[in-house]
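Number of protein chains: 2
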Amino acid sequence: MKEHPLECFLNPGSVAVVGASRKTGKGSFNLIEQMIKFGFKGKIYPINPSAREIMGLKACRQIDDIKDRVDLAVILIPRGQVPGAVESCARRGIRGAVIVPQGFADADETGKHLQKQLTLISRNTGIRLVGPNTLGVINAYSGFSTSFVPHKRQKVPVGVICQSGIFFVGSAVFTGMLGKGIDIGNGCDLDFADALEYFGNDHDIDVIFIHIEGMIRGRRFYEIAGRVARRKPIIALKAARSEEGAQAAMSHSGALVGRHEVFEAAFQQAGITTALDSQDVQDFTRALLHLGSMEGNRIGVVTLTGAGGILLIDALKQNGLQLAELSPHTIERVQALSPVWMSIRNPLDIWPALMKHGMDEVYRVALEGLLQDPGVDGVICLAIAPELPAQADLDATPVIGETAANHGRKPVVTWLYGPNQNIVSETLEASSPVLSFPSLDRAARALSVLYKRGRFLKTI
Amino acid sequence: MKEHPLECFLNPGSVAVVGASRKTGKGSFNLIEQMIKFGFKGKIYPINPSAREIMGLKACRQIDDIKDRVDLAVILIPRGQVPGAVESCARRGIRGAVIVPQGFADADETGKHLQKQLTLISRNTGIRLVGPNTLGVINAYSGFSTSFVPHKRQKVPVGVICQSGIFFVGSAVFTGMLGKGIDIGNGCDLDFADALEYFGNDHDIDVIFIHIEGMIRGRRFYEIAGRVARRKPIIALKAARSEEGAQAAMSHSGALVGRHEVFEAAFQQAGITTALDSQDVQDFTRALLHLGSMEGNRIGVVTLTGAGGILLIDALKQNGLQLAELSPHTIERVQALSPVWMSIRNPLDIWPALMKHGMDEVYRVALEGLLQDPGVDGVICLAIAPELPAQADLDATPVIGETAANHGRKPVVTWLYGPNQNIVSETLEASSPVLSFPSLDRAARALSVLYKRGRFLKTI
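For the record, the sequence lines run as chains A and B. Residue numbers 0 to 459, in numbering that gives the first Met the number 0, belong to the letters of the first sequence in order. Residue numbers 0 to 459, in numbering that gives the first Met the number 0, belong to the letters of the second sequence in order.
Since the hints were derived computationally from the structure, they do not count as laboratory data. The structure displayed is predicted, hence computed values, not measured ones. Each residue gets a CB set at the ideal place from its N, CA and C atoms; glycine is no exception. Just to be clear, a hint being listed does not mean it is correct.
[As the list claims (entries may be wrong)] To be clear about the criterion: a stretch of chain A counts as covered by chain B if any three or more of its residues have a C-beta under 8 Å from a C-beta of chain B, and this derived list gives those stretches:
1. 61-67
2. 168-178
3. 332-342
[What the hints assert, rightly or not] Chain B is nowhere near these chain A residues, computed Cβ spacing over 10 Å in every case:
4. K40
5. K151
6. R219
7. Y221
8. A269
9. T273
10. F455
[What the hints assert, rightly or not] Here's a subset of chain B near chain A, in silico, CB distances under 8 Å, partners left out:
11. G169
12. E212
13. A248
The shape of chain A in the complex, shown without the other chains:
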């Protein structure tokens, strides 16, 4: 099988850094320094006309002076010199180049012209290009990165495709994690479709997130997306939804921006999940990665308050989910623990019962009931995130985690309210298959994405 053109970008054995800087440390954004810190063990060739050595590595005056075989070049010089440098790389047999600088189709007429030259050089010589206007690639698995901004290396099975370094730098806020990343920048050669195809065949990657401002070769992208989405979920954040945003996008990456509705319809048909903002991206990535999909949209609910149950019903409705009709058996088990005046239904309001029988016993019975009830596709648990250890008797998360782990495969998510949301959520997630969301609406929204994923998988 022919090697994918992005392979030499994500897993190069040797790299030339064209325009390598001698300045290192604070504020220098030295790419070679970051590359070594991130864990790259291959050979690095700094190119700098006036340096003999950079970070202990022998520097060459120009690309042509490198004697060894080099897989990839990262180019950091002023825009006017870039086309010449790319031609030199192609001549030396280098297969790919990351063009980092800005000032091309994202800028003025001169920049647009320079970018067209790059496209032509790529077509004529066969050298493949990522960029310009890019941080390039990150591969936490092999320990390679072309980003001059420092990153934390995390081997997580999430592949990020974007048109801006903000998705590398902000990965904690967007996807919550980033195992491999391709910033296509202005996309003068390799583009969304290529990156999607690459991650589609990458066994390290289970979920793909794509940030799109505008797209040129749409047809090929949707063909590939339709195939990849059968194997792994794809989440897309389509930026530039408003008219003003679309105008700004044209000057940012120089791409044409289609109407949002057109994108959304095409996404749906290809099985791509649409995210509307950074919270969506984070929530959907976590849900699809850890919970997979949901068979139907009938939700069972355990709550400690009637008011919480009502807020949840609003959230379900808002997100195309429905309150499950519970089996008589499920109802009876909770009714038996509750006061006679209480009429048990979904949402299961267990506060009066637990005042008598204790949190653990009652929460276990209620959640087990929902997980065993054939009329329930997924469960949302409302519980308190108390001050610990002062309010430990209010903490239902250990019993929620244990019960969910013991009873199989329906997605269980929680909304934890109280003074300690972050810590109790993290502990629960680390020790069980349960995911916790910071609001009821976000919990319901995440389940709705699992439901749509389940529906899509049934059509193929």
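Starting from the known structure of chain A, fit chain B onto it as the hints suggest.
Just chain B now, kept in the frame of chain A:
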């Protein structure tokens, strides 16, 4: 001036606890234990037919045995005994009672009948009631609470009015803070209007949050709200928006639930800010408390990435805000630091400039420009929340905080992306007038609420 009927609930000198339990410690939810822990220094009279002492306090067998004057009773006995106990309290001259138990209009026909009895007893004897089905009140200023669930005492100027204890327990998730709270429960006597009137005249309280499932005496509420909203912001979360939610609400608190659109229109007319979920409540409370209001809807933006600027433009549009037209002076100051090929406009994309001149210098010039520009009403700053100290040179928040503090009164909010959002946000907020939001959409949504508040204040 006549004392407000809620005064004896929020600031009692002495309290009888009817149905006080001898069980204390883990899982006991002992109300007297929590009351003392929360800081109550007044006299407590435990009432329990079979105890002589509870937590070192002399217990009485029945209410009539108390010899001293008592301001407030908290009632914790089975529902059938409640009307008799309330009559005894009235006879003893106790002015108010919190009815904690469930099982009234929130339950069956018997419960509905019992609740009607309570309303009649209150009318006939003059004793005022909060509840039933309530945690009662919290007053962190005086150190008094009737809640059997433990709480952290925080003197913050936020008053919470609700129909469920979830808003006390979950205050950290809903408002982010709670200085005083009134849980009206099923509202058999004192209701939303009374609680709103009380907090409206309370000098400790600057912002009021109300959770509403349904409402009986709407006219009086809106009259009071219209007056109070001129002095301090009111935020309302109307639950039971969906039809299914409305049905559940009827069985939860027994209240009639009106159509959501009717509420929303009435809220707007009265100057009440509508929140749609717990994130809204938290974001709006913080924004109104710390930033007050905004003169217009023209937003200036500083960004480190074009892509971030485009996401922000979508968020502004979505929330009824507009991108400010900047003065030539503001543009020129940033243009002077940027490459010639870059055409500076709002959002101010400063990355190319700071690669030359450093983060602090460039961010200061850009933000100062926006704060001094008469065409800008508020500012959103995008910045990185880096790993510290490893990525300290990427941290613009010190210069953002300092510049905002030095240049007056326009609201400045940030969205920080990167691996360290929580900690960098907290540090920034603790040391400056800037508020940080976890997503661009939430930052823009908070500013839109400040803009509406400013518009409302102009009409009065």
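So, going through the hints one by one against the coordinates:
Against chain B, the stretch 61-67 of chain A contributes 0 residues with a C-beta closer than 8 Å to a partner C-beta. That does not satisfy the three-residue criterion, and the hint is violated. Under the rule that three or more residues need a Cβ within less than 8 Å of chain B, the assignment of the stretch 168-178 of chain A holds, with 6 such residues. For the stretch 332-342 of chain A, the proposed coverage by chain B is satisfied: 4 residues have a C-beta within less than 8 Å of a C-beta in that chain, meeting the threshold of three. With a least beta-carbon separation of about 21 Å from chain B, A:K40 lies farther than 10 Å from that chain, consistent with its non-interface assignment.
Against chain B, the non-interface label of A:K151 is violated: not every CB pair exceeds 10 Å, the least being about 6 Å. Here A:R219 stays apart from chain B, with its beta-carbon at least about 23 Å from theirs, past the 10 Å limit. For A:Y221, the non-interface assignment is confirmed: its Cβ lies about 22 Å from the closest Cβ of chain B, beyond the 10 Å cut-off. Against chain B, the non-interface label of A:A269 holds: every CB pair exceeds 10 Å, the least being about 22 Å.
With a minimum CB-CB distance of about 13 Å to chain B, A:T273 clears the 10 Å threshold, and the non-interface call stands. The non-interface label for A:F455 is consistent with chain B: the shortest C-beta to C-beta separation is roughly 26 Å, beyond 10 Å. For B:G169, the interface hint holds, the least distance from its beta-carbon to any beta-carbon of chain A being 3 Å, beneath 8 Å. A least Cβ separation of about 6 Å between B:E212 and chain A falls short of the 8 Å threshold, and the interface hint therefore holds.
About 5 Å separates the beta-carbon of B:A248 from the nearest beta-carbon of chain A, less than 8 Å, and the hint is met.
Checked against the numbered hints above, the structure breaks hints 1 and 5 and satisfies the rest.
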